[in-house]
Amino acid sequence: MNSDVAMNNNVNAAIQSQANDWVIRQRDPEFSDWDAFTDWLEQHPDHLAIYDATASMDIDIGGLPVPARGSSGVPVEPPKRFVSGRRGWLGGVLAASIVGMIGYALIDVNSNGTRIETVAGEHRTLNLADGSRIEINGATVLELDSDRPRFAKLERGEAMFYIVHRANEPFTVEAGTAKLVDLGTAFNVVRRSNGTSVAVSEGIIAYNPDRENVQVDVGKKLDVRDGVGRPQLHDIDIQSVGGWRTGQLVYSGTSLAEVANDLSRTTGMNIAVSSNVEELPFRGALLISKDRDRTIDDLTALAGIHAEKTADGWLLTR
Amino acid sequence: MNDAKERMAPSQGIEGMLLANRDRLIRFLLARGAGEAAEDMFQELWLRLSARPGGPIADPLSYIYRAANNLVLDRYRSARQAGLREQDWGAVSVGAEPAVDQALISREQLIHVDVAIDALGERCARIFRSFRLEGKSQRIIAAELGVSLSTVESDLRKAYDMLAALRRQFDEQ
Chain A
0 MNSDVAMNNN VNAAIQSQAN DWVIRQRDPE FSDWDAFTDW LEQHPDHLAI
50 YDATASMDID IGGLPVPARG SSGVPVEPPK RFVSGRRGWL GGVLAASIVG
100 MIGYALIDVN SNGTRIETVA GEHRTLNLAD GSRIEINGAT VLELDSDRPR
150 FAKLERGEAM FYIVHRANEP FTVEAGTAKL VDLGTAFNVV RRSNGTSVAV
200 SEGIIAYNPD RENVQVDVGK KLDVRDGVGR PQLHDIDIQS VGGWRTGQLV
250 YSGTSLAEVA NDLSRTTGMN IAVSSNVEEL PFRGALLISK DRDRTIDDLT
300 ALAGIHAEKT ADGWLLTR
Chain B
0 MNDAKERMAP SQGIEGMLLA NRDRLIRFLL ARGAGEAAED MFQELWLRLS
50 ARPGGPIADP LSYIYRAANN LVLDRYRSAR QAGLREQDWG AVSVGAEPAV
100 DQALISREQL IHVDVAIDAL GERCARIFRS FRLEGKSQRI IAAELGVSLS
150 TVESDLRKAY DMLAALRRQF DEQ
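In order, the protein sequence lines correspond to chains A and B.
For the first sequence, numbering that gives the first Met the number 0 begins at 0 and goes up steadily by one.
For the second sequence, numbering that gives the first Met the number 0 begins at 0 and goes up steadily by one.
Hints are computed from structural coordinates only; laboratory data are not their basis.
C-beta: ideal position from N, C-alpha, C; glycine also.
Any given hint could turn out to be false.
[What the hints assert, rightly or not] Going by beta-carbon spacing under 7 Å, a handful of chain B positions derived as facing chain A:
(1) Ile-25
(2) Ala-30
(3) Gly-32
(4) Phe-41
(5) Asp-58
(6) Tyr-64
(7) Leu-72
(8) Tyr-75
(9) Val-112
(10) Val-114
(11) Arg-122
(12) Leu-155
(13) Lys-157
(14) Tyr-159
(15) Leu-162
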């Protein structure tokens, strides 16, 4: 028996060494030996489990403090802990995922803040410690603060919040000048350069409870332009709330400029709108399928406009 | 215009690469433990990569493999966080992204790791930190420290062996 155990330990040690080697080699951005890696995984079922555990540990130790000085004795810049979307070193939607090998897509704003930035077309989900969930659309910047676990700031873009309600500790979302306080809720927030929209698919939220204090019930959408007038409430179909998550965008009288903005953010397509159509109200449902041209075709057909292919995307025009 | 479709460029670049290597990638996803979710994961890979803004990639196929590997690893971590048994993780719904901000080891364990790295000895600790935390290549580390590449390699192996031993301890805790 003892010799069996010893043999198993030796075998496991050998597999562990091989897994280590794969993880070390894959840290090289030029690693390309994926076929050999596949072969190795297929050789024995234990290979997969040990590799996963090893690669996962390798991600976790990215949280270790970075040495204070460079190996040459001069101060070095700390390594980038984040991928800032378009400026990321791989520059792609997958940058965050790829850099997952090196460190997750987090930015240390201050000691306790976490900034999450997605590029257009990228969707991410955050699971918070209290069981709440935030689904983040593309082209979005969201800030969290570990000192304020019931708070999130939507700097720009769009996110769907599924908040676990706590009566004495409401969850607050800040978006521009809007402060949204949940009263037991699922809601989608869009932060634009000049305004904010929030649509509620479950529960109730309070908009700026210490100022206008508008209650937004389930099935309602609140639109507000920064510094201009009162917030407007509309009826909406709750099925359509946060439709970007399931690839279905439903509109009833939304300006084409806003629709194009939503599409760009959700799909990563670059869609410009000429001034002669940007104010046109749009009604209808757009399916986001793999065939992106199809979505453009649907949009132009439903809106009675045209789309011109440009160097880097589309231009909507009359 | 109405003839917009005809003016579209044919599927090429990374999407063409995905299609042309579909079988290989599915095999890879299966080898990576994706199980029945392999097809779904391929779809997700497709969605993510086709939504990616343009830009040159030196080696598209490696880029795709790396993306696939990270996708699977994300799911694995997500499932571990959700407390599922390891063999069930393939069932985690595709499209549900993991919590990016949750480490699987605690802050205390991380301090433990930091101390254990110091215990590897000065050269080994330095080589490991340069490699893993500062992102330097093995070649550059060898040049900076004036040691051979094989010294760097063997020190890294030593460090990763130590990490594996620590990980097993953590798992038993």
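The hints, checked one at a time:
1. Ile-25: Hint violated; B/Ile-25 Cβ to chain A Cβ min 11 Å, cut 7 Å.
2. Ala-30: Holds: closest Cβ of chain A sits about 4 Å from B/Ala-30, inside 7 Å.
3. Gly-32: Constraint on B/Gly-32 satisfied, holds at 5 Å.
4. Phe-41: B/Phe-41 check fails; min Cβ-Cβ to chain A is 12 Å, beyond 7 Å.
5. Asp-58: holds, 6 Å
6. Tyr-64: holds, 4 Å
7. Leu-72: holds, 6 Å
8. Tyr-75: holds, 5 Å
9. Val-112: Hint on B/Val-112: holds, closest Cβ of chain A at ~6 Å, below 7 Å.
10. Val-114: violated, 11 Å
11. Arg-122: Violated: closest Cβ of chain A sits about 10 Å from B/Arg-122, beyond 7 Å.
12. Leu-155: holds, 5 Å
13. Lys-157: violated, 10 Å
14. Tyr-159: Since the shortest Cβ distance to chain A is 4 Å, the answer is holds.
15. Leu-162: Holds - the Cβ of B/Leu-162 comes within 7 Å of chain A, reaching about 6 Å at its closest.
Checked against the numbered hints listed earlier, the structure breaks hints 1, 4, 10, 11 and 13; every other hint is satisfied.
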